[in-house]
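Undergrad: Following the hints, put chain B in place on chain A, whose structure we already have.
Listed below, chain by chain, are the residues.
Number of protein chains: 2
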Amino acid sequence: MSKDNYIIHSAALKLKHEKGSEAEALFLEKTWDMLSVIPGVIDFRLTKIINDSSPYDFEIEMKFENQEIFDAYNKHPNHWDKENNKGFVPEVWMKEVDSFLEKDTVIIRK
Amino acid sequence: MSKDNYIIHSAALKLKHEKGSEAEALFLEKTWDMLSVIPGVIDFRLTKIINDSSPYDFEIEMKFENQEIFDAYNKHPNHWDKENNKGFVPEVWMKEVDSFLEKDTVIIRK
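Heads up: the sequence lines are chains A and B, in that order. Just so you know, we're using my numbering here: the first sequence kicks off at 15 and counts up by one. Just so you know, we're using my numbering here: the second sequence kicks off at 15 and counts up by one.
Just chain A, with the same shape it has in the complex (with noise of 0.2 Å):
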């Protein structure tokens, strides 16, 4: 299977913390440690939004296969373990995102 039909996820964001700081740093490593791990991601990736009109300074993108291997990463316990309130989500995100965009994609043409 081509990589062309693999769902892309995406999530363009806009941290709390200070542009520059030790804290945007750790927040960048956080999320790199903790997300491009789990099983079935695929080209995990950190951005930086340089255009004045965008309201986010980073993304973070990657692909999936198929929908299952997306759903699985969604609950994978580094991501968001909802039970005990841990992983990514309650402790990373919640905490330092000011404000986010999601974007999930399939290439119709390239």
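It should be emphasised that the hints constitute simulated quantities derived from the structure, not laboratory data.
In this list, chains with the same sequence are indistinguishable; a pair is considered to hold if it fits within one copy or across any two.
Below, a list of computed lysine-lysine pairs in the DSS-like style, where the Cα atoms sit at most 30 Å apart: (1) Lys30 to Lys124; (2) Lys33 to Lys124; (3) Lys62 to Lys17; (4) Lys77 to Lys124; (5) Lys109 to Lys33; (6) Lys28 to Lys77; (7) Lys77 to Lys17; (8) Lys100 to Lys124; (9) Lys100 to Lys33; (10) Lys17 to Lys33; (11) Lys89 to Lys109; (12) Lys109 to Lys124; (13) Lys30 to Lys100; (14) Lys100 to Lys62; (15) Lys77 to Lys33; (16) Lys96 to Lys109.
TA: Only chain B this time, still in chain A's reference frame:
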């Protein structure tokens, strides 16, 4: 130079047209035909946004090797001939797009 250093330019958008309409298909066709052929455009792709939480329905994405080539794209007559009010932006984009969010990113970790 690795593509990892490229500027990734994208625009998420919502059309004025009805979903699945002929006008929607024609917009995507015109977008492809007018923009993907501009010199310096790399990895041009059209994607469909599939998550309900997104206010946008499609995304156009492309890469540029550097800011100079990106600037030349912006001034290319297929994109926007400001002097004659011609090209994709005034003739297609401004008429058919309801709302959008532009984003230029560079990879900081992958």
